[in-house]
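> Chains as they are written, first to last, in the working numbering: chain A, 1 to 323; chain B, 1001 to 1320.
Just so you know, not all the hints are guaranteed correct.
[As the list claims (entries may be wrong)] 20 angstroms max Cα-Cα, derived EDC-like pairs, lysine to aspartate or glutamate:
id, chain 1, residue 1, chain 2, residue 2
1, B, K1316, B, D1197
2, A, K54, A, D213
3, A, K129, B, E1180
4, A, K22, A, D245
5, B, K1188, A, E321
6, A, K226, A, D191
7, A, K173, A, E253
8, A, K320, B, E1039
9, A, K162, B, E1026
10, A, K273, A, D262
11, A, K28, A, D295
12, A, K201, A, D213
13, B, K1009, B, E1039
14, A, K162, B, E1136
15, B, K1279, B, E1301
16, B, K1009, B, D1197
17, A, K260, A, E21
18, A, K129, B, E1136
[As the list claims (entries may be wrong)] To give a feel for the contact side, a few chain A residues facing chain B, derived at Cβ under 7 angstroms:
id, residue
19, V113
20, S116
21, I124
22, S154
23, D181
24, M183
25, V184
26, Y318
Keep in mind that the hints were calculated from the coordinates and are not lab data.
We treat Cβ as the ideally placed atom computed from N, Cα and C, and that holds for glycine.
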Amino acid sequence: MDKSLYVDALRLMLDSRFFEEKTEELFKQGLIHGTTHLANGQEASQAGLCMAIKDGDWIVPTHRCHGFTICRGSSPFAMFSEMFGSVHGLAKGLGGSMHMPDRDNWNLGSSAVVGSGVPLATGIAYSMKRSGSNNLSVAIFGDGASSRGSVHESMNLASIWKLPILFFCENNKYGMSASSDKMVSVPNVSDRACAYRMIGKTVDGNDVTAVYDAVIEACEHIRSGKGPYLLEVMTYRTKGHSKSDRRLYRTAEEEAFWLKKDPIEHLKRLIIKEGVLDQNQIDKLTAERRQFIEDQAALALEKAGDRLTTEEALALVYAKEAL
Amino acid sequence: MTFREAIRKALADSMARDKNVVLFGEDVGVYGGCFKVTEGLINSFPQQVIDTPVSEEGFTGMAVGAAMMGMRPVVEIMYADFFTLVFDPIVNHAAKTHFMSGGQFCCPIVVRLPEGSGTGHGAQHTQSPEALFMNEPGIKMVAPSNPSDAYNLLVSAIKDNNPVLFFEHKLLYGTEGEIEEESVPIGKAKILREGTDLTIYSYSHATLTALETADLLAKEGVNACVVDLRTLKPLDRDLIHKTARATGKVVMIQDPSPAGSVGSEVISTISTDRETFAKLKAQPVLIGGKQSHTPFSKELEKNTIPNAQQCLSTIKEKLL
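So here's chain B without its partners, still in its complex pose (with noise of 0.2 angstroms):
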């Protein structure tokens, strides 16, 4: 089953076990929704699947207000660069609204975010926003990196109280794997790789540069264990921990550039907490996107994320 097929069916499985989990988003219903994901819902769901005109801003606060009555929102934004229009109702109202209520009322909204570069969309249609809500109370953020995770992470979100941002790289789409339908709890890192030579972590679309590299580094006699975090916020920081007092390397791989990132949250946590700095045999690194707008131009969109030729030889320079 591919990625997109994943989100699909958790959209599809959730729909059927609560009749108050709606999708609202432009193009979601007979087209399909502009990468396809939600194609043929409409049909098995017509009172569930809601085509909404172009008012990010107004269906995304309406639907917060539909949580707060306690209906199940999933929202699809377009493409994650419009998620600056919608900043207001989740920001402001979705995240601080059980604190604000002093616990009165929660808001069990999901919002879907397609995000990344490689599609030669330009630069208002292939960002990774996720790093703008890393320092915002409230919210939970998600960003699988395989079908099986994307399914039950997806069911995972729609079930949690609380607003739930759930980036779905647009490279992983058409990626294929097997699903295993199991209780992923939100807030859980995953170990794809036993290594113990160094520790790699990412996440999404970046997780398959993570294990290429991992593959580049096995030729050489290196052997790297991979985690992906699979949730973003909460980090999984125990696992984070364990696994980088255990190799005593750490790299962090991924799209978005460092500065104020999820790379850059992963390395303070490692770096300041005294038992797992005791442990580090070398700084960390943090390998990232260009600090840059992505260019239309094909070749210079694919230089403005990191590669796992380049992965090898940042390791292989810094820690090897």
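Chain A on its own, in the form it takes in the complex (with noise of 0.2 angstroms):
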């Protein structure tokens, strides 16, 4: 990663950090109803990949999606009105914190069934190549989902007709409790490449500039039609699987460690070591990207009101027209 886009990989990492941070206020709040999974700590993970595709290339994101979305440039007022429940949410306030769909920033929104997502992005992929278009398809899944069916299945059928897709594996070392290191048969999951003939690899996930390097190497490698990659980046969610998790499976010095390598934080020794910005100029962007959050919030919040009738949602049971 050139460093002329440090400040914008900081800037995405920034958003979605006092993303996760506003929603979980206002969970505690009362404000928001249901459940949310929080992505704090794989930051670089999320805004390393958005960088390095490009426009047309479409990502199907895990449940813990907040994240990406808003690295793929999604409007962080459409994602908290998306919560509130209300009419303004990237689904009309009928998908919720796990369904955030953008179509306008190739965004298929995410599969809520662990792994399904998979076969989905597949699927893309396939159109993509009947259409010859250059774009690819990423296909976002954790360490838990890659034991579903549905995910060798779709490697398999990737790689038979060598389809234009990103198997992008963030790997956050726990499925909801379940530790990746009992749960899944080999060191990385990388590993599994090779059954099914595609690369793999296994990059250091909190560092923002490994993701995006080893995504732009994956792309050309997709791009210049060899087929499918899987690219495994290793990170660590600082909060719980879900806002009722109480972490009884893992330990204050493993958490701590992993607080240790944050990732924003990274980036900021390494911008201010690059000579790139100071501290200052670095505390000013912070405390913009959180000012930024918190004015998307209270407008969302303001039109949190806005819903749509029972008689609106049942239309859109079905999809109208037909050829």
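Assembly of the complex is requested from the two constituent chains, each provided in isolation within its own frame, with the hints serving as guidance.
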């Protein structure tokens, strides 16, 4: 990653972090109902991926989707609105925290069934290959989903048909409470790539430059027609699985170890070291991004009462037009 | 033209009209499909007939994703029994996509499902699973009984912007009939035989049983109206009410067992409507298959679904 991109990366990562912090606050205040899956600590993975792909490349995120959605270009106002259930949400308030599709930003939205977004992403790649487009599709999944049959079937299909798809495994060490050390049969998920005649690679998912560079390399391979690629980024969610998680399955020492590897702090240190910004400029940018997210949330809250009627919602069960 | 050839023609005409129509399935190419429905299509449409590995969940999920991008995939699931493997892509994804995205995406996919008993294939190759989806919003279901409807309804299903499950009873594949190319919209039932004494509803293979039953009734001087539902979801409730009110006596004949089924929904439609209920002269009758797995043994297998003679006896006992 060229250092000219560092500030863009930091901006996206700050937005993602502050979005999650605000979301947690709104839940605690009882202003949002349902559940949410926060991705604090995984910002380098989200920003690194989204900065390295091009317009027209589609992503299918996981249920822990907020950061990817922000980094792909969606409006935080529309995302907060979705969680408030208002008509201004990306899915008009019918989706919620786990469903934030955004056609304008090439984001199919997540499946809330772990691992089920992967065959959908494979289908996007199939349609791209048929149309002769030079775009690619990114199937984002976690270490937990890596055990799903749908993921393995998709990798086989993508390989036999040389589909333009990046299998992007965001390994955050735990599928809910289940440690990947206990649940995955190989040391790295990327070890499985050879079974599907793909290249597999594992990189530091808390270093945005490493993620970005690896995605660029993978995309070059895919766009040259050589077929799919499995990239695994190693990261850690510093919060629990969802808002009800007491995190009994991991130690305070482990959490402290990963907090020291915070991807945003890592990037800030790099920015100063490389002389891109000084501490004051970083502090200013940080305060500015926090305020931006605050404003977006406040605006969404102000309009939270604008809701679809039941009749309008029911009218969306079926698509109307036929050919 | 046979029912099998009618489906093949609908696929061929649809693929010729729109290159976004692509058929996915196991052995649908050179082999011609397990029931020879797709025979020869790969020669005319080599880019649109795609043999898949044995990965029902994977290739159906893939087709759902492709449909969301504007393709019009037709997926052949070799036996309807294997639908268990594609519940997730169809029920959790295809059915919910339009709603859950606030209308941003639709999912124009057709899933072809060869179903039904009478073939000696045992309990895992002979089910008729349509009842499982009666309560699933976002899905449409079609189950034609003759070649003409099979042709026209498959063409309509492929043009529809919603996921459509297309049930093909295996015993119908060899049946013959003239094809009248016309627009048959999904959601419209059809009166196959006019009659004034009672109304028989059915769909798919059981429609043959219903027509045979009507012949037997005619010999006894009873004129039965026979309605082919054709679309199971959404049901043509208007025609159901109209034909029930006209005779005041209603019989539903179907191959699957009655509990929580298409037939129980038809009877519920009739008996919960004030005006239709008021016109009934007798209790509605629901004749279905046994609540049983399909046995292999030939005679036992035959006995799991109703035949015309049994239907006649039941109707005479309860309504005449």
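> Please write out, lowest number first, the hints stated earlier that are contradicted by the structure.
As far as the earlier hints go, 3, 8, 14, 15, 16, 18, 23, 24 and 25 are violated by this structure, in ascending order.
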